[in-house]
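Novice: Next come the chains, spelled out residue by residue.
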Amino acid sequence: MTLEKKRILIAKPGLDGHDVGAKVIALALRDAGAEVIYTGLRRSPEQIVRIAVDEDVDMLGLSILSGSHKELARSVIAQLHAEEAGDIKVFVGGTIPDEDFDNLREAGVSGIFTSEMTIDSVIAEIERQLS
Amino acid sequence: MHRLPRRQISRDLTRVANAPVSDVLEAIGDTDVPPAFRIGITGPPGGGKSTLINALVAERLGNSLETTLAVLAIDPASPVSGGAILGDRIRMDAIADLPGLFIRSLSSRGARNGLCDNVVDLLALLEGHGFSEILLETVGVGQSEVAVHEVVDTLVVIVPPDAGDSVQTMKSGILEMADIVVVTKGDQPGAQRMAADLAAVLRARAGREPPVIQTQSSGVGVAELSAAITAHHRWVTEQRPATLSREKRRIYHLKALIERQIHEALRSDQQIAQGTLSQSYDRLLANLRVT
Chain A
1 MTLEKKRILI AKPGLDGHDV GAKVIALALR DAGAEVIYTG LRRSPEQIVR
51 IAVDEDVDML GLSILSGSHK ELARSVIAQL HAEEAGDIKV FVGGTIPDED
101 FDNLREAGVS GIFTSEMTID SVIAEIERQL S
Chain B
1 MHRLPRRQIS RDLTRVANAP VSDVLEAIGD TDVPPAFRIG ITGPPGGGKS
51 TLINALVAER LGNSLETTLA VLAIDPASPV SGGAILGDRI RMDAIADLPG
101 LFIRSLSSRG ARNGLCDNVV DLLALLEGHG FSEILLETVG VGQSEVAVHE
151 VVDTLVVIVP PDAGDSVQTM KSGILEMADI VVVTKGDQPG AQRMAADLAA
201 VLRARAGREP PVIQTQSSGV GVAELSAAIT AHHRWVTEQR PATLSREKRR
251 IYHLKALIER QIHEALRSDQ QIAQGTLSQS YDRLLANLRV T
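Those sequence lines, one after another, are chains A and B.
Under UniProt numbering, the residue at position 128 of the first sequence is numbered 128, and the numbers go up by one with no gaps.
Under UniProt numbering, the residue at position 68 of the second sequence is numbered 68, and the numbers go up by one with no gaps.
If you're looking for bench data, these hints aren't it; they were derived computationally from the structure.
This one's a predicted model, so the numbers in the text were calculated from it and none came from an experiment.
Some clues are possibly wrong.
[Unchecked claim] Simulated pairs of lysine to aspartate or glutamate, DMTMM-like, Cα-Cα distance not exceeding 25 Å: (1) A:Lys23 to B:Asp93; (2) B:Lys248 to B:Glu209; (3) A:Lys23 to A:Glu84; (4) A:Lys5 to B:Asp23; (5) A:Lys5 to B:Glu259.
[Stated by the list, open to error] Estimated spans, in silico, between C-beta atoms of each pair: (6) B:Val80 to A:Gly108: 32 to 42 Å; (7) A:Glu125 to B:Thr14: 22 to 32 Å; (8) A:Glu125 to B:Asn18: 34 to 44 Å.
No residue lacks a Cβ here, since even glycine has one placed at the ideal position from N, Cα and C.
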């Protein structure tokens with residue numbers, strides 16, 4: 001398994017309470033051999049960064065359906081850098097309009113996953129970036 | 001107020017969790033720090049372990065600025081992919097911001113005893129970082145996974161009221177190792193009866209009968225449990241100091257290291273099963289000496 005012993009945090013920041021997508025990705029990552037930590041709903045960027053640091057993850061996936069993806073991603077990435085954990089790759093998944101992609105990439109987001117993509121292509125991209 | 005070097009501790013844990021035996025000793029380092037008080041929490045899956053730990057940590061850590069507490073929470077690895085979902089944090093949100101707390105989720109990886117590979121090394125590493133207490137949450141257990149008893153000072157076994165027949169298997173197994181028994185979900189029907197049944201079946205061990213405490217997710221019973229844990233620690237310190245001894249821990253640690261070394265030696269030698277039994281055995285011994 002290419003994701004063997006890789007540690008990945010799947011986090012739900014902000015106020016939206018839908019985590020079906022987050023759980024589907026978490027299970028697919030587990031099936032690819034990864035150790036997946038799931039935060040549960042409604043975590044603040046501060047809490048997510050602390051969890052990412054304590055768990056020493058290779059990747060942090062933010063699942064956001066609320067529309068606040070630009071603000072939340074920037075906040076998380078800024079705080080990761082403040083904790084000297086800027087090497088942790090940040091991915092964003094959810095309802096992300098095409099016109100926001102450049103903004104997110106500029107903020108330091110390594111991957112953007114939307115509901116139009118297949119699970120297999122998401123996992124393949126994560127494997128590529130973590131290998 | 002002190003500040004935990006989170007990034008450092010975290011990286012050290014990853015290093016030790018992934019290290020072969022030959023690298024473990026170097027990774028842990030030779031420290032001479034006083035051992036931490038180790039509390040084990042075990043019980044069947046879905047029994048309320050994570051919820052209870054959430055409340056127990058808040059109770060023990062409180063607003064203290066001096067005490068530091070580490071939680072190691074183990075979840076099972078998938079036998080198919082080797083991956084794992086580590087979901088203990090979902091129920092630990094109330095304690096997420098405590099400054100003196102460090103939580104690490106672990107996959108059981110190859111271990112089949114309710115613990116995980118390298119767990120003794122990880123405990124030693126956390127002691128080296130000066131934590132005053134370490135809480136170890138194990139994979140839900142039944143009859144055979146009693147190893148946790150060997151690595152903690154106080155073992156809390158939780159039983160949910162709806163445990164049903166699984167209690168029968170626990171009676172001759174992990175319950176015999178319990179220092180404290182907790183019936184969780186005390187507001188559910190059957191909790192009272194389960195507590196009474198357990199109190200009737202539990203026998204005194206080393207002159208001490210394990211108390212049965214009922215808790216509820218609202219927090220009822222948690223202060224009582226915390227007091228019972230402290231009381232047990234005091235009892236062991238005064239009455240059974242040998243069980244807390246450095247020697248006992250050292251011997252268990254040595255056993256764990258050598259067992260893993262044997263696994264590594266067996267795995268790395270494709271020809272180990274050829275020839276007679278004594279030839280295989282000599283070959284294994286030779287492999288152990290060179291590694």
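Novice: Hint by hint, which ones does this structure get wrong, listed from lowest number up?
Specialist: 3, 8
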